[in-house]
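Here the protein sequences come in this chain order: A and B.
Yeah, the first sequence ends on 297 if you go by this note's numbering, and it's all consecutive.
Yeah, the second sequence ends on 1367 if you go by this note's numbering, and it's all consecutive.
Some hints here could point you the wrong way.
[Claimed, not checked] Under the rule of at most 25 Å between Cα atoms (straight-line distance), these lysine-lysine pairs were calculated in the DSS-like manner: (1) K1293(B) to K1331(B); (2) K1106(B) to K288(A); (3) K1105(B) to K288(A); (4) K1113(B) to K283(A).
[To be verified] Some chain B residues well away from chain A (every beta-carbon gap over 10 Å; in silico): (5) T1046; (6) G1218; (7) I1241; (8) D1269.
[Unchecked claim] Derived DEER-like restraints, expressed as beta-carbon distance ranges: (9) F1015(B) to I135(A): 44 to 50 Å; (10) L269(A) to Q1121(B): 48 to 54 Å; (11) K1131(B) to W48(A): 56 to 62 Å.
Everything labelled a hint here was simulated from the structure, so no lab data went into it.
Virtual Cβ for every residue (Gly too), placed ideally from N, Cα, C.
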Amino acid sequence: MSGNTDSRVGTTYSLPLTLWISLFFVVPMAIVFLYSFLTRDVGGGVRWEFNLDAYAAIFKQTSSGQFIYLDILWYTLWMAVAATVLTILVALPCAYYIARTKNNTLLLFLVIIPFWVNFMIRIYAWVAILGQSGILNEGLMALGLIKEPVQFLFNDYAVLLVLVYTNLPFAILPLFTTIEKFDFGLLEAARDLGATHMGSLRKVMLPNIQGGIITAVLFTFIPIFGTFAVPDVMGDSNTYMLGQLITSKLKMTGDYPGASSLSVLILILTAGGLILYTAFQRKQEKDKMVTIAEDAL
Amino acid sequence: MKGSEVRVENADKKFGDFHALKSVSLTIKKGEFFSLLGPSGCGKTTLLRIIAGFEEPTAGMVYLDDVDVIPLPADKRHTNTVFQNYALFPHLSVFENIAFPLRLKKVPFEQIKEKVTRYLQLVHLVGQENKKPNQLSGGQKQRVAIARALINEPSVLLLDEPLSALDAKLRHQLLMDLDLIHDEIGITFIYVTHDQSEALSVSDRIAVMNEGRVLQIGTPFEIYEAPADTFVAKFIGETNILDGIITAHNGRFYTIETDQLGPIMVTSDRKFEVGKKVRHAIRPEKIDITKEKPEGLPDDFNILHGKVSESIYSGFQSQFYVATDQKLPFKVYQQHESYLERGPAIRWQDEVFLNWDADDGYIVELI
Ligand SMILES: Nc1ncnc2c1ncn2[C@@H]1O[C@H](COP(=O)(O)OP(=O)(O)OP(=O)(O)O)[C@@H](O)[C@H]1O
Ligand SMILES: [Mg+2]
Chain A
1 MSGNTDSRVG
11 TTYSLPLTLW
21 ISLFFVVPMA
31 IVFLYSFLTR
41 DVGGGVRWEF
51 NLDAYAAIFK
61 QTSSGQFIYL
71 DILWYTLWMA
81 VAATVLTILV
91 ALPCAYYIAR
101 TKNNTLLLFL
111 VIIPFWVNFM
121 IRIYAWVAIL
131 GQSGILNEGL
141 MALGLIKEPV
151 QFLFNDYAVL
161 LVLVYTNLPF
171 AILPLFTTIE
181 KFDFGLLEAA
191 RDLGATHMGS
201 LRKVMLPNIQ
211 GGIITAVLFT
221 FIPIFGTFAV
231 PDVMGDSNTY
241 MLGQLITSKL
251 KMTGDYPGAS
261 SLSVLILILT
271 AGGLILYTAF
281 QRKQEKDKMV
291 TIAEDAL
Chain B
1001 MKGSEVRVEN
1011 ADKKFGDFHA
1021 LKSVSLTIKK
1031 GEFFSLLGPS
1041 GCGKTTLLRI
1051 IAGFEEPTAG
1061 MVYLDDVDVI
1071 PLPADKRHTN
1081 TVFQNYALFP
1091 HLSVFENIAF
1101 PLRLKKVPFE
1111 QIKEKVTRYL
1121 QLVHLVGQEN
1131 KKPNQLSGGQ
1141 KQRVAIARAL
1151 INEPSVLLLD
1161 EPLSALDAKL
1171 RHQLLMDLDL
1181 IHDEIGITFI
1191 YVTHDQSEAL
1201 SVSDRIAVMN
1211 EGRVLQIGTP
1221 FEIYEAPADT
1231 FVAKFIGETN
1241 ILDGIITAHN
1251 GRFYTIETDQ
1261 LGPIMVTSDR
1271 KFEVGKKVRH
1281 AIRPEKIDIT
1291 KEKPEGLPDD
1301 FNILHGKVSE
1311 SIYSGFQSQF
1321 YVATDQKLPF
1331 KVYQQHESYL
1341 ERGPAIRWQD
1351 EVFLNWDADD
1361 GYIVELI
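Please model the complete structure; the sequences and the hints are all you need to start from.
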């Protein structure tokens, strides 16, 4: 078969997927992008007047000199980074343990089970646990450790806890897949060559499961960066994450260009971060090259 | 000598109920090229892993130069291993793989480069330093593994079937390279293999193992010419086994009345009583095969008559399976020392005579 026919066959086969992706991914993105440059109209509509007002709004200062949106952005970034790091730190040993267990079907099943329960119900389950009349408070009072119920909800820690909980499977699964493929004999080789136990994990295991870690970070960081349900239910009502801001713009004020410009900002930040990271990796790889002449020494 | 003496005393290893090593004792001399030879599953890798520090023996001792090393983890022993599956670090280049132990020790880069270059030259890999392991051929990977294991200047190099994944020609070439490297750096090599020709060609001494036991330790010559038991005799090279009873004896000369072939003459320096049951072995290449009845042989030669039931021509030699008149199968090798104008003189279904000197047979075992 000639290369020409081959590529035509490839095109034919990939057509459904291409259409699917264009229809449900590219087109909505294009609409969001387009809307971010339009003008907000009263009553939740848009006027076809192109300008950068929606972007300018992001950098608007209050009379007291506060950048409201940028503060929210910083707060969101900080929460997302913290939640992602915590999720990965919890997921790594879990995935390692599952990968090293011989009959791990049950364990994997347990990781996936939460997917069968509605997302909102899982969040509210935490209210049932942490709330003023929740299991935790009842239990502590029954043990006589506290007299009055403690407010565990409506703070950053509650948000982080539930973010870690809801995103854990998305981190465990890609980590498990890469760790399972990892050749543990390499750790013995590293020990043999003089590495300590921790050294062998850090210098040999970590770089080899890096792909899985990056996938896990992306799978958790990106949804967390745009999350609104978890901070809505668990968080302080005076703090906002970016996802909440976008939702409120859409649902409360009908500011479609404002919501779109913030979405584009999230996209640029995450994609930009990824591109920078890849470039950095390439450069490091290049810097490691050595040249040895045939007649050296 | 830069190498260490390795002493294993009564090492036992159990995996649950499975007894993988049964009271193994060995003393490997400084700078020796020592092979562990045995069939798959006999415990070679287990023994090597115990010496390297990856496995703790259930009982017994391991000494490197009289130091008890059992409490020491692998990274604290002056041994390095070339693994059966290479175990190269896939994320590192050839250069960084070999430099790995030096990087751990935070050696300055100039020194690392100088030393890695030297070892790249030793294993003929200059020019490949920036490749990743998955860009290398099997033989090149093996060379990287060898250089990486040597760069720490261990006093003992452990090699676990390092050539088993390579084709015959490359295997031979790398084996010769290993032999040269051994001569050059002079450390102790412990070489695990299940290939007897590899072990015979390069080793100073060999330990033959089976089912977790060491059956015999000796030079290649001793192992081949005077195997300690039937297993060794059959595992190393080929052999024809005959069981019988000693019926007469005169000095070193014994007559064995074999069950199938009648009397056989053999010499032995060991003492046997008349009436003792023994097992006699004769190697196929020590038997002469002729079409005519051999004339004028001394009377300590054994002569048999039979028919060729199979003949395999393999260039430098022919292998014959001969069914003797008593229907006993016999294996005979004939070297082709001169040009065969009309092909091999002896062919399938030919009637032939076999003869061998009583000195060439030996008594392997009492039964
Ligand atoms: N971790 C383990 N758990 C249980 N049994 C084991 C373990 N390691 C080895 N064994 C068993 O011990 C025996 C010896 O294994 P070993 O790997 O030492 O054999 P070997 O001589 O190196 O064989 P090969 O030539 O196939 O590599 C085998 O029967 C093997 O199944
Ligand atoms: Mg083995």
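>> Please list, smallest to largest, the hint numbers that this structure does not respect.
In response: none
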